[in-house]
Amino acid sequence: MKTIQQIIEHFKTVFNNTSDLATREFKTKDGTNAVVIWIENVIDQLLLSQNVIGPLQKFAKIDERDVITQIKEEFIAFSKVSEPENEEMLIENILNGFCAVFIEGSDKALVIECAKWAVRTPAEPPTSAVIEGPREGFVEDFITNMALIRKRLKTPNLCIDKMKIGKETNSQVRIIYLKDVADPKIVKKVKQKLQEINVDGIIDSHYLAEFLTKGKHSIFKQIGSTEKPDIASAKILEGRVAILVDGSPIVLTVPFLLLEDLQSSNDYYTTPSRATVLRYMRLTAALVGILLPGLYVALLTHHIKAIPIKLLITISNSIQGIPLTPLLEMIFIIFLFEVLYEASLRMPRYMGLSLSVVGALILGDTAVKAGLVSPPAVLIIAITGVMSYTLPEQSAQISLLRFIFTILGGFMGIFGLIVGSIFLIGYLVNMDSFGAPYLAPFAPYIKADMKDGFYRKSFKQMTQRPQSIPNTNHRRQSNDGNKQ
Amino acid sequence: MTEINSRQFIIIVVFLMLTSKLVTMPSIVYSAAAGDAIFSIILNFLVELLLIFLITLIIIRNPHTSLFELLKRKLTVVGAVIVYIILTLYMIARLTLCYQELYSFFLNQLYDEFSPLMFAIPTFFVTGYVAYKGIRSLGRSLEIMFWFILVGTIISMISNIEYLQFDQNLPYFANGIMPVLEGSGRSAFYFGNSLCLLFLVGKVEIKPNLLKKTILYTILISIFIVIICFIFYDVFGKSMQYVLFALSEYSQYDPFVLELQRLVWLTSIIDITKLFCSTICIIYCIGQANKVLFQTKTTLLPILIAFLLIFSLATLLHYDLLIMFELVRDYLSFITIGIIALMLVICIYLTIIKTPKNVDYQEEQHTRKRNEPIFAKTGKLNENTKKA
Numbered sequence: 001m002k003t004i005q006q007i008i009e010h011f012k013t014v015f016n017n018t019s020d021l022a023t024r025e026f027k028t029k030d031g032t033n034a035v036v037i038w039i040e041n042v043i044d045q046l047l048l049s050q051n052v053i054g055p056l057q058k059f060a061k062i063d064e065r066d067v068i069t070q071i072k073e074e075f076i077a078f079s080k081v082s083e084p085e086n087e088e089m090l091i092e093n094i095l096n097g098f099c100a101v102f103i104e105g106s107d108k109a110l111v112i113e114c115a116k117w118a119v120r121t122p123a124e125p126p127t128s129a130v131i132e133g134p135r136e137g138f139v140e141d142f143i144t145n146m147a148l149i150r151k152r153l154k155t156p157n158l159c160i161d162k163m164k165i166g167k168e169t170n171s172q173v174r175i176i177y178l179k180d181v182a183d184p185k186i187v188k189k190v191k192q193k194l195q196e197i198n199v200d201g202i203i204d205s206h207y208l209a210e211f212l213t214k215g216k217h218s219i220f221k222q223i224g225s226t227e228k229p230d231i232a233s234a235k236i237l238e239g240r241v242a243i244l245v246d247g248s249p250i251v252l253t254v255p256f257l258l259l260e261d262l263q264s265s266n267d268y269y270t271t272p273s274r275a276t277v278l279r280y281m282r283l284t285a286a287l288v289g290i291l292l293p294g295l296y297v298a299l300l301t302h303h304i305k306a307i308p309i310k311l312l313i314t315i316s317n318s319i320q321g322i323p324l325t326p327l328l329e330m331i332f333i334i335f336l337f338e339v340l341y342e343a344s345l346r347m348p349r350y351m352g353l354s355l356s357v358v359g360a361l362i363l364g365d366t367a368v369k370a371g372l373v374s375p376p377a378v379l380i381i382a383i384t385g386v387m388s389y390t391l392p393e394q395s396a397q398i399s400l401l402r403f404i405f406t407i408l409g410g411f412m413g414i415f416g417l418i419v420g421s422i423f424l425i426g427y428l429v430n431m432d433s434f435g436a437p438y439l440a441p442f443a444p445y446i447k448a449d450m451k452d453g454f455y456r457k458s459f460k461q462m463t464q465r466p467q468s469i470p471n472t473n474h475r476r477q478s479n480d481g482n483k484q
Numbered sequence: 001m002t003e004i005n006s007r008q009f010i011i012i013v014v015f016l017m018l019t020s021k022l023v024t025m026p027s028i029v030y031s032a033a034a035g036d037a038i039f040s041i042i043l044n045f046l047v048e049l050l051l052i053f054l055i056t057l058i059i060i061r062n063p064h065t066s067l068f069e070l071l072k073r074k075l076t077v078v079g080a081v082i083v084y085i086i087l088t089l090y091m092i093a094r095l096t097l098c099y100q101e102l103y104s105f106f107l108n109q110l111y112d113e114f115s116p117l118m119f120a121i122p123t124f125f126v127t128g129y130v131a132y133k134g135i136r137s138l139g140r141s142l143e144i145m146f147w148f149i150l151v152g153t154i155i156s157m158i159s160n161i162e163y164l165q166f167d168q169n170l171p172y173f174a175n176g177i178m179p180v181l182e183g184s185g186r187s188a189f190y191f192g193n194s195l196c197l198l199f200l201v202g203k204v205e206i207k208p209n210l211l212k213k214t215i216l217y218t219i220l221i222s223i224f225i226v227i228i229c230f231i232f233y234d235v236f237g238k239s240m241q242y243v244l245f246a247l248s249e250y251s252q253y254d255p256f257v258l259e260l261q262r263l264v265w266l267t268s269i270i271d272i273t274k275l276f277c278s279t280i281c282i283i284y285c286i287g288q289a290n291k292v293l294f295q296t297k298t299t300l301l302p303i304l305i306a307f308l309l310i311f312s313l314a315t316l317l318h319y320d321l322l323i324m325f326e327l328v329r330d331y332l333s334f335i336t337i338g339i340i341a342l343m344l345v346i347c348i349y350l351t352i353i354k355t356p357k358n359v360d361y362q363e364e365q366h367t368r369k370r371n372e373p374i375f376a377k378t379g380k381l382n383e384n385t386k387k388a
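Protein sequences, first through last, are from chains C and H. Position 311 of the first sequence, counted from 1, bears residue number 311 in our numbering, the numbering being contiguous throughout. Position 20 of the second sequence, counted from 1, bears residue number 20 in our numbering, the numbering being contiguous throughout.
Don't read these hints as lab results, they were simulated from the structure. Don't take each hint at face value.
As the list claims (entries may be wrong) - 20 angstroms max Cα-Cα, derived PhoX-like pairs, lysine-lysine:
#1 C:Lys167 / C:Lys185
#2 C:Lys216 / C:Lys185
#3 C:Lys221 / C:Lys189
#4 C:Lys167 / C:Lys179
#5 C:Lys447 / H:Lys213
#6 C:Lys447 / H:Lys207
#7 C:Lys191 / C:Lys164
#8 C:Lys164 / C:Lys151
#9 C:Lys61 / C:Lys29
#10 H:Lys207 / C:Lys216
#11 C:Lys29 / C:Lys58
#12 H:Lys291 / C:Lys214
Stated by the list, open to error - What the simulated footprint calls covered on chain C by chain H, stretch by stretch (three residues with Cβ under 8 angstroms from a Cβ of chain H suffice, anywhere in the stretch; the number is not a length):
#13 195-201
#14 221-228
#15 328-341
#16 440-447
Heads up, the beta-carbon is just placed ideally off N, CA and C, and yes, glycines get one too.
Start from the sequences, fold in the hints, and give me the full structure.
Here it is, written out as structure tokens:
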């Protein structure tokens, strides 16, 4: 049996003499030596001194039972108190905001949760603003995130399974699903894939997303992500599985369909007709965002006859004296646009505004005046740039596709665009996310799911859960939308 | 193992019917049957309808059996191989025409100069990729493109209705029934596309009303094509035998469109997409046929060989559509009549004659081992294997 000093020395060695390992030695009422060990900055100091050390100093052995057991059963009033089975568990608890109590004469230890992590208050996420609707967003603390989901899904069927990933980070991961709705095969597959991850650390949920993605080189995301608890809850209700990672405000959801990015949480907080119009608008904007620069380059380079005569005269006047070919000119502007976007993301916020002014006025206007680029080309990239952000979750993919289609249009004209489009369709229809076809409910066509596809019908008419996503209970409500 | 649902099957049927008949076919029929061309087309459609009916029936009756297995059981291995060779040769000829049509389209409608190599490499890559990915990929891709193509075709069709001159081709049957039969015979090559459906045996999810729906859609599409051809003939009249690229040329008739050239472009793009789809369907079939014939594990090599063959043929024909046009009209169509007649007989035989129940188990196992994997993709035993 070790003395208190030996225990302290042992833990200092285990934690490599880290400076934030704190110890507090004291004597109990009956004179027994004791020590409390914890990691500074992750513990609520007041709670520790008032509710752990203070009471322990007044503790005196009552009977012949082990002192730790006595303290646990009769002396400490915390909800999360346990006796770790081995040293590994003990260290893990200390790292997770527990304090460890050792009493001389006992070979056991007691861990008590006194964690106080830096947590931000749930606020509206900058990436998913809504006009009308809930403004809460996930935060970096996964306990708060779980509470935000629980707040919306008050059912015993909501299952939250634990997991830890990362040899060094020991990141807490939670798998959330509705027991009688989510397909058990998908839940099993998710768990299996997560268990197979053998990595030193998981810092954010995006790390996990890459491990869960099938194939290494796909430019399309196959895992859904959201920062809003209302969206996550709605997806869980549809039979999807949500994955929470401690330290990340992004919740992953699987299976993921491309359609999900066409939908917005705003769609469900407005009238169905308005939502339908918005969805068509988004789809059109995305297609224009991908194809317009390529089409412009293709028409100017290969099919000048196809441009209406008045438009052709206007364009001809604008491109006179431009030293670059339409393809090079377009690539140059796309590159400039992407650089501006990237710089504005990384620059300090107070500089962002001036950068956008510089980008728009100085670079754009001066480049046109200098005769390096033509106004139609700048206009096209400006239009497509704006349009690609109607689907913010897919903006990266749209940017990449825009670039590819511009090159195809420049080299091969309309033929290149057609070939590229057919290849893209062929590629997308082959993709699937955890058994759900990526382009469902369009290919394969699932009539029932079209109610929330290109158009949105009223909630009364959405009597079934999406069939595109494997689930064990299709029915959402009785046919008339009233209580059964 | 079923790979496509009944909706996708019907869309494939529609595509195979629609895509191949609106480019050079109307011109060929008119050159043979003149004003009675429309009746030749109707006659061919009746034969095609019968073919599709029989093939769909075979598909319904053999939901878990591949075409080769079925042919082998009823016509022996030699018979099956012969049928496969005939089908492959027809498909290769058909595909060569598709490529010629596609290339000529680009050259005449969209580009002043267009290198055959620039055309061949991307076309091979894209069509080969979709076909290689299998029938499920093909079915889903066509599902996405279906509405775009249908709407585009309808827009092209109705845009010139005001220029119809119904008396252009009157009187009908002025030279008796012979021109109708000649027109029918000379355009038969275009009506054999449905033979591709044979390769879908055992791959379609069977729904109770599949036959009814297939026939209904076949009739509707036939009527649709007949209407397009009717409008086409009544707009162009006698000059139409020189109009090779049906829909695209047809839109040029509109003086407004002629000035702006936009509808021509729209129809050209739609026609090209249709031709691509048709090409992918045929490549898939060639891949499947050659996979069985050459006993390869995947369709990659068969598709590659087919492409090399087709591009060699196209190069031999100097990528000249007119040479192909004459070949089709004077030779290939008549050969196709023979192939269609043979396939009709085989289809009737496959439909009527039931498989003998007491097939020798060892022989069954032996032939199966040689020609097809016993296990389906899922790892479960095929229904027939279970029965055996």
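- Check each numbered hint from earlier against the structure, then list the numbers of those it violates in ascending order. The structure breaks hints 1, 2, 4, 8, 10, 12, 13, 14, 15; every other hint is satisfied.
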